[in-house]
Amino acid sequence: MTAGLLAAEWTKIRSVRSTLWTLLVFVVVAIGFSALVALVISNTWNNPGNHPNHITLVTDPTAVLFGAGFGLGQLAMCVLGVIVISSEYSTGAIRSSLLAVPRRIPMLAAKAIVFMLLDFVVSAITVFAVFFISTAILRSHISITLSTTGVARACIGGILYLTVLGLFSLAIGGLIRHTAGAIATVIALVLVVPPLISLIPGTIANHVHGYLPTIAGTLVAQTSEQSGDVLSPWQGFGVFCIWTAVLLGACGYLLMHRDA
Amino acid sequence: MAEPPGLIEARELTKRFGDKVAVDHLSFNVEPGRVTGFLGPNGAGKSTTMRLITGLDRPDGGTATIGGRGYRQLTKPLTVVGALLEARSIHPGRSARNHLLYLAQTQELPAKRADEVLDLVGLRDVANKRAGGFSLGMTQRLGIAAAMLGDPPVLLLDEPVNGLDPEGIRWVRNFMRQLAGEGRTIFVSSHLMSEMAVTADHLIVIGRGSLIADSSAEDFIERSSERSVLVKSPDSARLRELITAEGGTVQKDTAPGEDKNGDEGMIVTGLPAPRIGELAASASLVLHELTPRLPSLEEAFMELTADSVEFGKIEPPKTAAPGTAATPTAGTS
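So the sequences go chain by chain: S and Z. The opening residue of the first sequence carries number 1 in the numbering used here; numbering runs sequentially from there. The opening residue of the second sequence carries number 1 in the numbering used here; numbering runs sequentially from there.
If we strip away everything but chain Z, and leave its shape as in the complex, we get:
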């Protein structure tokens, strides 16, 4: 069965560096036509996963394919996958044009493609300057130019906005949205939740090399964090009793301090806002505020990745000691 050309599939992908498991039986799909954010704290294994997908590193177990084929099987890989991995992938003594020219030659692409992608990223004026003199932002643009060289249906971008100024960030953001709109697969890693909140349609979240979430950005917030309600009332002690009796949980001191009416805010979980309102009405208590709170993507992310112990609740149990891990993987290092 033919796979969609832009589909990235990771199956049980595993990579160890000595005793440390960098990527741990990671499985996910990245679909065409949308921006998929690849999230995780620094050191979670995002870059390693991207290096495994592009064949730079060999997995200790599992497979990664693009359109059903392993990266190392691709004959003209840059026409299938464009990758911006580390910015430091360019010889500093070589000009931007020569960097792109030799990459184009390896793919049997015409030399004018180098100039076309230089125009695309706005580096035409410095095409003959040595790349070593470029700012971080220009280097990132050159990396994106290299990724776009073969007009590939799939783009892998590892922290593309790192070190960019606000204008550069907006440029990359719009660029990714535009490419996804053209039906391409955009797989972009970041440790910045706020960045993904505005660009990603779908999220793959990892921590310590394992999958934490694979869902749309909205679902991720809905599922990963309990909804809570901010309640303010001048009679908060009485209300608290009612809420607790009804099965709700009141988190003390988590709401912003007293407001101008001297009310103490309460964060209530386990009860929806309408039910709290009804409780207050039935006891004739005055409410000054009743606000359902949706956690930001950032909060949801922090909650999921902050404590690795929590991963154990939703992940299959794993052997604790790294030295004794008897994982059923195909290859050994």
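Next up, chain S with everything else stripped away, as it sits in the complex:
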């Protein structure tokens, strides 16, 4: 793979409007929802009654700070990951791309690297924006800083999770090749499958649940380990990376062997 291929994939990704729109949705939803949650918590801080959030803000602050905003916002990154590759198939542009790079794998590698870097940069900006905005809103009630135990790792972990999630989605987009089908699959894997598996009682189901890609992957964005976690934060991230690597490998294999 050459610098030219990276430049080409950058040209491709920046020259379609869907990139800008999905990233905008990601940033606005993540920051907007997180800020909204922080505002509601702050405004109801002294209300009578139970406040489970207050306890969580002490034990696992990033779960509260990131949960709402990125829980929803991550779907925009999933969509972008899928359409970065599936739109080539739906528009027929894949033919132009593969005529230019008939060995195919270098194109996939360049595409993955360029999207990964874009995802990483946008996620880093958004994660820290969310962190500083939300903690500023809550400052009068509770002090959470990057030096609080586990918080810095959780912020970095959140960025890494969102970056790998993008690649995970890209791989599924390349495997399924239809935008709607791939997006439905990714959303099912991220939002639908984990709660369904967790309904099954027993330790086996608990372990299966713990090894699901996004369940394992989000552990690294937690400030501290929770009871019931079957993996440590970095183990969980490793499992998510393995899921993604396997899917990317399958994507590459099929790219080589399927007719375009």
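I should point out that these hints are in silico values taken from the structure, not numbers from a laboratory. Source: prediction; values computed, not measured. We put the beta carbon where it would ideally sit given N, CA and C, even for glycine. Incorrect hints may have been included.
Label pairs and their in silico Cβ distance ranges [said to hold, decoys possible]:
#, chain 1, residue 1, chain 2, residue 2, range
1, S, Arg103, Z, Gly33, 24 to 32 Å
2, S, Arg258, Z, Glu31, 27 to 35 Å
3, Z, Arg72, S, Leu117, 53 to 61 Å
4, S, Ala109, Z, Glu182, 33 to 41 Å
5, Z, Phe17, S, Arg103, 22 to 30 Å
6, Z, Glu86, S, Arg17, 46 to 54 Å
Chain S is faced by these chain Z residues, among others (derived, beta-carbon under 8 Å) [unchecked claim]:
#, residue
7, Gly55
8, Leu56
9, Arg72
10, Val80
11, Arg88
12, His91
13, Gln105
14, Gln107
15, Glu108
16, Ala146
17, Leu211
Chain Z: place on chain S using the hints.
Using the frame of chain S, we list chain Z on its own:
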């Protein structure tokens, strides 16, 4: 031995889609310096063959090479082969310039090459417009611009005049002639015989995935269709007997109806015009017309491709039932 860089060679190329054989042991060469027309009815396998040559589809058997190398082995393929395949190979949301820019970047070509080919096809004014808003003709021009990006010695054009207005058709036609004149290999498919009649020097004709003819355009007419003679005579019944006795065949009712003299035309095959004239003279019969007829390229094409049963006469026998075809090909799908 080094191959000419512009030579396209297909050897026993075979592609199946399920039970259907799209390309069936197809072998041919496409030589540099001329326009080679790739003809066949719709569904004959022309596009599939071009996709096999450019590595978009994998053959189930056989090989296709350009200058001795497979397309997938080329490191900067756009500098070797320019291809206009389906018009729908462009992201509609991307501008014409960005489409060409990213293709140029993959080949390590300077960005100004994108502007140069936009000038070449006359799309400079709409360079920054989204390609999705282009007319079919503009889209075809953008496809040709992409094909010319790497200044390649070989061009593959799949139905390039489809959907173009007469001016666009003339432009493409002249463009292909000019490029062939520069020594490039031009391989252009069409299902329109009339189009090939004015542009192609050489013809490769396929039907149902198999080769029907591989010859110059003139030879194709000469060989593929029997010459016939139009004969008009006021005494046609008598003349018909003479011709039949001499071994000629008279096709009834195939000539245009009676002319102003009330003569019925006859189409005669199997006898040359001079011999018919001699027969008429020897019997003192009046001839009103004696015209050797050369079939048009269109007629020759229709005759060869109309009925697949006729292919069997000139092709090696093939297994009839697709399910039982035991073809000796290298790979399996």
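Hint by hint, here is what the structure shows:
For the pair Arg103(S) and Gly33(Z), the beta carbons lie near 30 Å from each other, so the given range of 24 to 32 Å is met. Taking 27 to 35 Å as the suggested C-beta distance range, the pair Arg258(S) and Glu31(Z) conforms, at roughly 32 Å. At roughly 28 Å, the beta-carbon separation of Arg72(Z) and Leu117(S) lies outside the given 53 to 61 Å, and the hint is violated. A C-beta distance of roughly 36 Å is found between Ala109(S) and Glu182(Z), which places it inside the suggested range of 33 to 41 Å.
Separated by about 24 Å at the C-beta atoms, Phe17(Z) and Arg103(S) satisfy the suggested range of 22 to 30 Å. Distance hint check for Glu86(Z) and Arg17(S): the Cβ-Cβ separation is about 24 Å, which falls outside the suggested range of 46 to 54 Å. Look at Gly55(Z): its Cβ gets to within about 4 Å of chain S, closer than 8 Å, so that hint holds up. Hint status for Leu56(Z) relative to chain S: holds, with the closest Cβ pair at about 5 Å, below 8 Å.
Annotation: interface hint on Arg72(Z) holds; nearest CB of chain S at approximately 4 Å, less than 8 Å. At its closest, the beta carbon of Val80(Z) sits 11 Å from a beta carbon of chain S; the interface hint therefore is violated under the 8 Å criterion. The beta carbon of Arg88(Z) comes within 4 Å of a beta carbon in chain S, closer than 8 Å, and the hint placing it at the interface holds. At its closest, the beta carbon of His91(Z) sits 4 Å from a beta carbon of chain S; the interface hint therefore holds under the 8 Å criterion.
With its C-beta approaching chain S no nearer than about 4 Å, Gln105(Z) sits inside the 8 Å limit, and its interface hint holds. Of the supplied interface hints, the one on Gln107(Z) holds, with its beta-carbon coming within about 7 Å of a beta-carbon of chain S, less than 8 Å. Residue-level restraint check for Glu108(Z) holds (minimum Cβ-Cβ distance to chain S is 4 Å; threshold 8 Å). Nearest Cβ of chain S to the Cβ of Ala146(Z): about 7 Å, under the 8 Å cut. The hint holds.
Taking 8 Å as the C-beta contact cut-off toward chain S, the hint placing Leu211(Z) at the interface is violated, the least distance being around 22 Å.
Hints 3, 6, 10 and 17, counting from the list given before, are not met by this structure.
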